[in-house]
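Colleague: Sequence:
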Amino acid sequence: MDATSSVDGNFLTRYLVRREGRKLWGGVMLCVTLTYLAVEFGFNARLLDVVGGNVSPAAVESIERWGRCLSGFALALALWPSRFHKAEKHSWGIRRLVMSIAILTAVTMTAVFVLEKVAIVDQLVDHSTLEARSEAVNLQLLQQAFISGEIKLDGLKLDVSQPVKPDVKTFMATFPFLVSSIRNIEARIKDQKADIVRRELRDNTGMFDKAWRGYVQSRHDIERRYNAYVSAVNRGTLALNNIDRNVDAQWARYVSKLARYSWTPDTVPNRRWGDVRKFVRKQGLHVADDWVPSDREGFYEAYRQKVESSVGANLNIGNGIRLPRNLTFAQFVARPETQKAWKQALGTPANMTVRLLDSRDDFDAEIYGPMLETRVSDTVKRLNAPAEDFADHGIYEREGRAAYRAVVVPPISLALSLAGALVHILKLAVWIGMMLTGWVYRNAWVLMGALVSFCGGVLGMVGVLPTTSITAEPLFAKVIYPAAQADGRAGPLVAWAVRSTIHLQPIAWPVFENVRVNVLQGFNFGVE
1380 MDATSSVDGN
1390 FLTRYLVRRE
1400 GRKLWGGVML
1410 CVTLTYLAVE
1420 FGFNARLLDV
1430 VGGNVSPAAV
1440 ESIERWGRCL
1450 SGFALALALW
1460 PSRFHKAEKH
1470 SWGIRRLVMS
1480 IAILTAVTMT
1490 AVFVLEKVAI
1500 VDQLVDHSTL
1510 EARSEAVNLQ
1520 LLQQAFISGE
1530 IKLDGLKLDV
1540 SQPVKPDVKT
1550 FMATFPFLVS
1560 SIRNIEARIK
1570 DQKADIVRRE
1580 LRDNTGMFDK
1590 AWRGYVQSRH
1600 DIERRYNAYV
1610 SAVNRGTLAL
1620 NNIDRNVDAQ
1630 WARYVSKLAR
1640 YSWTPDTVPN
1650 RRWGDVRKFV
1660 RKQGLHVADD
1670 WVPSDREGFY
1680 EAYRQKVESS
1690 VGANLNIGNG
1700 IRLPRNLTFA
1710 QFVARPETQK
1720 AWKQALGTPA
1730 NMTVRLLDSR
1740 DDFDAEIYGP
1750 MLETRVSDTV
1760 KRLNAPAEDF
1770 ADHGIYEREG
1780 RAAYRAVVVP
1790 PISLALSLAG
1800 ALVHILKLAV
1810 WIGMMLTGWV
1820 YRNAWVLMGA
1830 LVSFCGGVLG
1840 MVGVLPTTSI
1850 TAEPLFAKVI
1860 YPAAQADGRA
1870 GPLVAWAVRS
1880 TIHLQPIAWP
1890 VFENVRVNVL
1900 QGFNFGVE
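Count along the sequence shown from 1, then add 1379; that gives the number in the numbering used here.
Read the hints as simulated data drawn from the structure, not as lab findings. What you are looking at is a predicted structure, and each value in this text was computed from that prediction instead of being measured. One or more of the hints may lead you astray.
To be verified - Cut-off 27 Å, straight-line C-alpha distance, at most; resulting in silico cross-link-like pairs (DSSO-like, lysine-lysine):
1) K1722 - K1760
2) K1657 - K1685
3) K1657 - K1636
4) K1857 - K1569
5) K1569 - K1531
6) K1536 - K1857
7) K1536 - K1572
8) K1496 - K1402
9) K1719 - K1589
10) K1572 - K1760
11) K1722 - K1589
12) K1569 - K1719
13) K1569 - K1589
14) K1661 - K1685
15) K1468 - K1496
16) K1685 - K1636
17) K1589 - K1536
18) K1589 - K1760
19) K1544 - K1857
20) K1857 - K1531
21) K1589 - K1572
22) K1465 - K1402
23) K1572 - K1857
24) K1531 - K1572
25) K1531 - K1760
Using the sequences and the accompanying hints, generate a full structural model.
Modeller: Structure (structure tokens):
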């Protein structure tokens, strides 16, 4: 017995562990690792809610940025012991140690934040085929239809009733990635695409509310423009009605100006008539070239033209178009210029006439409904477009790239988040062991082997636990999973990891969500 213990002890101390002692920095690592795990657990719970639900691409991109930050910190945290060891070896002070760790963390987080996007996601998107982008656009629609419960596939029973279970969320998040290897799976919904898109848009009540608010706001803008028009008309009418009175005052000022030179309109010398015309024109009265200083009728006509021109200028809306006077509000709204500006503000088709509407139902029937059908038609056209249109510089290149990104980002984000959690759970055990016994792993290779074994062991163990029925469904077991295993984009290892994750989340998500709600006080990582 003693011999065996001696052999085991020699093996452990020679190959696996070494005595580090109970170091203060081990307690620091323990506390920071525990804090990181709390944030990572909360993030994973919120991430699954987002990528496994019917949310906008902007929401996925927003939470993905959080994921890259956490991945960067996880790697930096794994490198912290090297700073502590160096500080011990060279007798660094606290200030230098803290600065070293801060610089290491900042550089590592920045590098991971950039490289995870550029070297992984962007590379996958840049090298995606046009067929893959076309499939991704359709798979997104299929995913949304699954999540909303609008369609069902034979041999795959999914309970999407609220609240959606963690295993269903995980499957939904990875569904486009898993089934992307099955050719023409979108053909199953070929005849339902328009109905699915229409229902998805109709069910998005936030979109209708936003459109209605936009209509009300734009109507208020039109009303303000009409009020400004009425004010201009009223000012013009007042000016025209006062022409006789005001022209007399203008003539009196003109006569007073001549009196300074001891002239009257009838006594201005002929040689000075041109100077008088210039003076009168500077006052905005464009008298004729043959006008004489005593011509009161010509003076009156020039003043009348000045007033009418000023009134007309106030009704000029550009491009040589001048509004007529006395338009009612309805007539003002019906003007082509008003219609063009209003339709541009609302984003309605050019051939639609926008009317004054007072109820949401009327708005739905006359404006939102037709706009919705136009959007449905455009979306279905994109869904059915040939693969060539999704190639670089193709009509739908941007949409294809965005869809492919939405297919690959959720499984990558989930994988990195779970990997970070599993790795640092083991690291937490290491630091606890160090503080209790003083023993730690011998070197990085031992730690790497332990991490791989731990992660593989956890996924392997949960993969056989009966935590979900999804992977036992005929369509998954006989079609989706084998196809993913055989596909070059996934392969046996990735397919197995995804399947095990579906089994893991029913166990992990309740714990993670409890941490998010109770420890992180419900922090939602920027996604409502």
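Colleague: Now tell me if each hint is right for this structure.
Modeller: Hint-by-hint comparison with the structure:
Distance check on the hinted pair: K1722 and K1760 sit about 23 Å apart at the alpha-carbon level, within 27 Å; holds. For the hint linking K1657 to K1685, the alpha-carbon distance of about 16 Å falls within 27 Å, and the restraint holds. For a cut-off of 27 Å, the pair hint linking K1657 to K1636 stands: about 13 Å separates their Cα positions. Restraint check for K1857 and K1569: satisfied, since their Cα atoms lie roughly 23 Å apart, inside the 27 Å limit.
Between K1569 and K1531 the CA atoms are separated by roughly 14 Å; this keeps the pair inside 27 Å, and the hint holds. For the hint linking K1536 to K1857, the alpha-carbon distance of about 14 Å falls within 27 Å, and the restraint holds. Of the supplied pair hints, the one linking K1536 and K1572 holds, its CA atoms being roughly 21 Å apart against a limit of 27 Å. Proximity of K1496 to K1402 is assessed by CA-CA distance (about 37 Å); at most 27 Å being required, the pair is judged violated.
Straight-line distance between C-alpha atoms of K1719 and K1589 comes to about 21 Å, which keeps the hinted pair within the 27 Å bound. At most 27 Å may separate the alpha-carbon atoms for a hinted pair to count; K1572 and K1760 meet this at roughly 10 Å. A hinted pair counts as satisfied when its Cα atoms are at most 27 Å apart, and K1722 with K1589 qualifies at roughly 16 Å. Between K1569 and K1719, the direct Cα distance comes to roughly 37 Å. Violation of the 27 Å bound is thereby established for this hinted pair.
Of the pairs offered as hints, the one joining K1569 and K1589 is violated, with about 30 Å between alpha carbons and a cut-off of 27 Å exceeded. Among the hinted pairs, K1661 with K1685 is consistent with the structure: their alpha-carbon atoms are about 12 Å apart, no more than 27 Å. Distance hint between K1468 and K1496 is unfulfilled; the C-alpha atoms sit about 37 Å from each other, more than 27 Å. A C-alpha spacing of about 20 Å is found between K1685 and K1636, which places the hinted pair at or below 27 Å, so the restraint holds.
For the given pair, K1589 sits about 35 Å from K1536 by alpha-carbon distance, which is inconsistent with the 27 Å threshold. For the hint linking K1589 to K1760, the alpha-carbon distance of about 25 Å falls within 27 Å, and the restraint holds. Note on K1544 and K1857: the hinted pairing holds, with a Cα-Cα distance of about 23 Å set against a maximum of 27 Å. Between K1857 and K1531 the CA atoms are separated by roughly 17 Å; this keeps the pair inside 27 Å, and the hint holds.
In summary, the hint linking K1589 to K1572 is supported, as the alpha carbons are separated by about 24 Å, within the 27 Å threshold. With a C-alpha separation of about 14 Å, the suggested pairing of K1465 with K1402 holds against the 27 Å cut-off. For the suggested pair K1572 and K1857, the alpha carbons sit about 26 Å apart, so the restraint of at most 27 Å is met. A threshold of 27 Å between alpha carbons decides the hint, and for K1531 with K1572 the separation of about 14 Å falls inside it, so the pair holds.
Annotation: proposed proximity of K1531 to K1760 holds, straight-line Cα distance about 23 Å (limit 27 Å).
The structure fails to meet hints 8, 12, 13, 15, 17 from the earlier list, while all remaining hints are met.
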